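J.: Sequence:
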Amino acid sequence: MMGTLNPYPAYKDSGVPWLGQVPEHWEVRRLGSVTQILNGATPSSSRPEYWDGDIVWVTPDDLGKLKGRYIDNSSRRITQEGYNACGTTLAPAGSIVVSTRAPIGHLGILRVAACANQGCRLLVPQAATASEYLYHMLVAARPSLDVLGQGSTFLELSRSKLGSFYIPLPPLPEQNAIVGFLDWADRRIRRVIRARQRRMKLLEEYKQALIHQAVTGRIDVRTSQPYPAYKDSGVEWLGKVPTHWEVLRLKYVARLRSGESITSERIEETGDYPVYGGNGIRGFTSSFTHEGEFVLIGRQGALCGNINYANGRFWASEHAVVVHPLRKCLTHWLGELLRAMNLNQYSIAAAQPGLAVERIQNLTIPFPPIEEQEQIDQYINNQINAFDAAISAARREIELLREYRERLVSDAVTGKVDVREVAARLPEEPPGEESEWMDTEEIAEAEMPDDDAAAVALSEEEVEI
1 MMGTLNPYPA YKDSGVPWLG QVPEHWEVRR LGSVTQILNG ATPSSSRPEY
51 WDGDIVWVTP DDLGKLKGRY IDNSSRRITQ EGYNACGTTL APAGSIVVST
101 RAPIGHLGIL RVAACANQGC RLLVPQAATA SEYLYHMLVA ARPSLDVLGQ
151 GSTFLELSRS KLGSFYIPLP PLPEQNAIVG FLDWADRRIR RVIRARQRRM
201 KLLEEYKQAL IHQAVTGRID VRTSQPYPAY KDSGVEWLGK VPTHWEVLRL
251 KYVARLRSGE SITSERIEET GDYPVYGGNG IRGFTSSFTH EGEFVLIGRQ
301 GALCGNINYA NGRFWASEHA VVVHPLRKCL THWLGELLRA MNLNQYSIAA
351 AQPGLAVERI QNLTIPFPPI EEQEQIDQYI NNQINAFDAA ISAARREIEL
401 LREYRERLVS DAVTGKVDVR EVAARLPEEP PGEESEWMDT EEIAEAEMPD
451 DDAAAVALSE EEVEI
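Numbering (my numbering) for the sequence shown: 1 to 465.
Since the hints were derived computationally from the structure, they do not count as laboratory data. Errors might be hidden in some of the hints.
Heads up, simulated DSS-like pairs for lysine-lysine below, C-alpha to C-alpha not over 30 Å straight-line [said to hold, decoys possible]:
hint : residue 1 : residue 2
1    : Lys-231   : Lys-251
2    : Lys-207   : Lys-240
3    : Lys-65    : Lys-251
4    : Lys-207   : Lys-328
5    : Lys-65    : Lys-161
6    : Lys-161   : Lys-207
7    : Lys-240   : Lys-328
8    : Lys-251   : Lys-328
9    : Lys-161   : Lys-67
10   : Lys-12    : Lys-416
11   : Lys-251   : Lys-240
12   : Lys-201   : Lys-240
13   : Lys-67    : Lys-416
14   : Lys-12    : Lys-161
15   : Lys-416   : Lys-161
16   : Lys-231   : Lys-328
17   : Lys-201   : Lys-67
18   : Lys-207   : Lys-231
Bear in mind the structure is a predicted one, so any value in this text is a computation, not a measurement.
Based on the sequences and whatever the hints tell you, model everything.
T.: Next up, the structure:
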């Protein structure tokens, strides 16, 4: 669609270090000369009548949690009485809210009239300044704004520093062309990112399905076909197992014991021995409780039942269950079998979910001969390595696409590339394709097409940038 983006025909020195050269016909203006800068303030928290009203009141925390670029609401609202009692000022829709206390530079565009607290300032653009262009420009300028922060207790970007900050300002039609181009490019990039995220999810699901088939005997890993003969295990979740496999309660294969308590003061960022909690390594300490290779099961929390491995000398905390084999078996085979069993389903429902260890010990498991455990373990390792490599490649593609998008925004709003011709030839987007500049995994799940094959088939070539 666009091919190679070219620079502008002629440039001039901006006199601003972060900008360098800008197109010859662009202006370089102080931010305070193209926007009205409004301060924020907070009503007294001891006056209930000031709170839970109808006026949107934006804080840095709201900006940090913003999904996309637009602000429609805030976590707290104030009343008209609260508004009148403090020094905040209502800004119209289309204004930019910027956090000016650490972290500096979080941004959003108001879709509704709103005010803010003292950790933010509101920028009301003049008629010759497009809100969306100003937003993209400030995103690109964020590192330069951050270094202007001052203060001993916390960094703050003063109103005078913000107002004196120089920005590039093309003519208004050109601002709109840049915004249109960036929105179009972002939609293309997000589609590929969503496809890569979906591919990662499908690869992970397929990997776990293959592991489940291997550890439960659905397939003979030596032939990738079912075993010649099966018998009923007598267990609903397990179904039939190969006739020569044993079917045992877990307590006859391994002993499950919780680790030992350790105070947070004894856990350091570095140390001699790793400390394992319910979700993996928590830190390090100077002594150990176990030595060898063990499977660890998370004992408490929303992720209880998850599987980790520990090797060598380590401290197992009370939030981890250590699996001590009673019969000869491979550690990794046993761990992957327990993972396939989804132990979290046996947790006790509570404010802090916990694993019912006694119930886990009485679960029935398949137990193949040690030679087959070794073959299954090798098969699992091969599958994990292959799938993890593909998942890592997709993750790296996403990182590169995000980096490219950031560079594209910076180059467009600072005039390093001329997008006017491309913007003039952009196709109209269908309804519902409004760009929100977001692609987190949670949002991607909500936006994912129903047709998995179509999503996965998308490639970088479709971005054409």
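J.: Would you mind marking each hint as holding or not holding in the structure?
T.: For each hint, the structure was consulted:
Annotation: proposed proximity of Lys-231 to Lys-251 holds, straight-line Cα distance about 22 Å (limit 30 Å). Using a Cα cut-off of 30 Å, the hinted pair Lys-207 and Lys-240 holds, with the two alpha carbons roughly 21 Å apart. Of the supplied pair hints, the one linking Lys-65 and Lys-251 is violated, its CA atoms being roughly 46 Å apart against a limit of 30 Å. Of the supplied pair hints, the one linking Lys-207 and Lys-328 holds, its CA atoms being roughly 26 Å apart against a limit of 30 Å.
For the suggested pair Lys-65 and Lys-161, the alpha carbons sit about 25 Å apart, so the restraint of at most 30 Å is met. Between Lys-161 and Lys-207 the alpha-carbon distance is near 53 Å, which puts this suggested pair outside the 30 Å criterion. For the hint pairing Lys-240 with Lys-328, the CA-to-CA distance comes to about 23 Å; that is within 30 Å, so the pair holds. Only pairs whose Cα atoms come within 30 Å are accepted, and Lys-251 paired with Lys-328 is accepted, the gap being roughly 13 Å.
The straight-line distance between the Cα atoms of Lys-161 and Lys-67 is roughly 28 Å, inside the 30 Å bound, and the hint therefore holds. For the hint linking Lys-12 to Lys-416, the alpha-carbon distance of about 12 Å falls within 30 Å, and the restraint holds. For the given pair, Lys-251 sits about 21 Å from Lys-240 by alpha-carbon distance, which is consistent with the 30 Å threshold. Restraint check for Lys-201 and Lys-240: the C-alpha separation of about 29 Å stays at or below 30 Å, so the hint holds.
Between Lys-67 and Lys-416 the alpha-carbon distance is near 28 Å, which keeps this suggested pair within the 30 Å criterion. Proposed proximity of Lys-12 and Lys-161 is supported: the alpha carbons are some 25 Å apart, at most 30 Å. In summary, the hint linking Lys-416 to Lys-161 is supported, as the alpha carbons are separated by about 25 Å, within the 30 Å threshold. A C-alpha spacing of about 23 Å is found between Lys-231 and Lys-328, which places the hinted pair at or below 30 Å, so the restraint holds.
At most 30 Å may separate the alpha-carbon atoms for a hinted pair to count; Lys-201 and Lys-67 meet this at roughly 21 Å. Pair hint Lys-207 plus Lys-231 holds up; C-alpha atoms about 26 Å apart against a cutoff of 30 Å.
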